[in-house]
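S.K.: Here are the chains, one letter per residue:
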Amino acid sequence: MSALDTAKVSVSYAECSARERIARLVDAESFHEWLPPAERVTSPHLAQLGVPSAFDDGVAIGRATLAGRPVFIAAQEGEFMGGGVGEVHGAKLVGLLRRALRDRPDAVLLLAESGGVRLHEANAGLIAVSEVMRALLDVRAAGIPVVVLIGGANGCFGGMGIVARCADRVVMSDMGRLAMSGPEVIEASHGVDEFDSRDRALVWRTTGGKHRWLSGDCDVLVEDDVTAFRDAAIAALDASMPVTLARLELEHALLASRLRLLPEHVAGDEAVALWARLGVADASRVAELDVDAVRALRTV
Amino acid sequence: MSDIPAGLEALNYSFAGQRAAGHFAPVLVGVVGSGNLEVLMEPAAGSNCDIHIETSARGFGTIWEAVMRDFHQRHPLAGVRVSINDMGATPAVVSLRLDQAVSELTP
Numbered sequence: 001m002s003a004l005d006t007a008k009v010s011v012s013y014a015e016c017s018a019r020e021r022i023a024r025l026v027d028a029e030s031f032h033e034w035l036p037p038a039e040r041v042t043s044p045h046l047a048q049l050g051v052p053s054a055f056d057d058g059v060a061i062g063r064a065t066l067a068g069r070p071v072f073i074a075a076q077e078g079e080f081m082g083g084g085v086g087e088v089h090g091a092k093l094v095g096l097l098r099r100a101l102r103d104r105p106d107a108v109l110l111l112a113e114s115g116g117v118r119l120h121e122a123n124a125g126l127i128a129v130s131e132v133m134r135a136l137l138d139v140r141a142a143g144i145p146v147v148v149l150i151g152g153a154n155g156c157f158g159g160m161g162i163v164a165r166c167a168d169r170v171v172m173s174d175m176g177r178l179a180m181s182g183p184e185v186i187e188a189s190h191g192v193d194e195f196d197s198r199d200r201a202l203v204w205r206t207t208g209g210k211h212r213w214l215s216g217d218c219d220v221l222v223e224d225d226v227t228a229f230r231d232a233a234i235a236a237l238d239a240s241m242p243v244t245l246a247r248l249e250l251e252h253a254l255l256a257s258r259l260r261l262l263p264e265h266v267a268g269d270e271a272v273a274l275w276a277r278l279g280v281a282d283a284s285r286v287a288e289l290d291v292d293a294v295r296a297l298r299t300v
Numbered sequence: 001m002s003d004i005p006a007g008l009e010a011l012n013y014s015f016a017g018q019r020a021a022g023h024f025a026p027v028l029v030g031v032v033g034s035g036n037l038e039v040l041m042e043p044a045a046g047s048n049c050d051i052h053i054e055t056s057a058r059g060f061g062t063i064w065e066a067v068m069r070d071f072h073q074r075h076p077l078a079g080v081r082v083s084i085n086d087m088g089a090t091p092a093v094v095s096l097r098l099d100q101a102v103s104e105l106t107p
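Residue numbers (my numbering), protein chains in the order written: chain A, 1 to 300; chain B, 1 to 107.
Simulated from the structure, these hints should not be mistaken for lab results. Just so it is clear, CB atoms sit at the ideal spot from N, CA and C, and this is done for glycine as well. Hints should not be assumed to be uniformly reliable.
[Unchecked claim] A few chain A residues facing chain B, derived, Cβ under 10 Å:
| hint | residue |
| --- | --- |
| 1 | A14 |
| 2 | Q48 |
| 3 | L49 |
| 4 | P52 |
| 5 | A54 |
| 6 | E77 |
| 7 | G216 |
| 8 | R258 |
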């Protein structure tokens, strides 16, 4: 390791690659990868379409220790096909989760950065994402916490957005984004009047970490800093929340009340109006506040 | 029948190495993204440096050959297999990634 690596400087989580995130998040040198690049378990579909494959199909999986405790970890590489989940990519996630049922690590960490299903692999990708959800819920039901960390530039969208909300805990930075349909998809299907995907402030007001924190869709809001993500992951090690009927009904009640919060037509910005209705002080200033200040504003 | 996948171009180069790389854990640097590439470096039997490239930018074989020749002059490694997945990286980026991979080789 060079002096730069060991110096106590802030390292942006968003700017790290998937592999750099793993290396910096878990205990030093503790990551043991399964199906590493040299095994060349690559996509069976991309070459036929003239698209280069990646040796790890865009996701690294393995075991490691976090604060000395055994964890399983997966990290999606957003720079490769937007983190899209293809057949092999999805199978690696499913394999990791199923192995967690057998080996019972203290937690499974999922460093998500994905636009959802990799469209090149269509049905195979869709099936893969549904298998990931099923496997994740099995792990959660077994009392092993699944922690999703979101802070990459590509956000966490589509099927992976659903996967994230299936987890025990969601950790986000203010740079992170979490939603089902991405901004471009909404604009394409409902028009620019409904959603202007080029309006970055709007995109972050409606999908960004601060909004998810204030509306209760993520459990921890951190700075865009690898150490902050590591600390949040350590804190989540004992945060198992098995799915129960009571918890599900509570979630439904929360969502139903949120749906009723806003009137049909809102004068001005809808996100700001929602925060105000949630009782957030200084709702109009949220965008300019730093993470610490926003953390104190949550009401849900 | 060509073994080049449709749309992709596959290129192979082999150089006689002079400096044995010895045994090392496989190294992966870079990401397959627009204008970027990944380089996987592995130990191999023999004394050659074998390079296999798959790229989405077809028709740049002569430039690849020059860049690989330059690389081998800088690092005349023996017993190494280099595998590259490329998405249109420029020659400078390719050279930097190759040097980065060599710098991460640890016996």
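S.K.: Which of the numbered hints are not met once you compare them with the structure shown?
M.R.: 1, 7, 8
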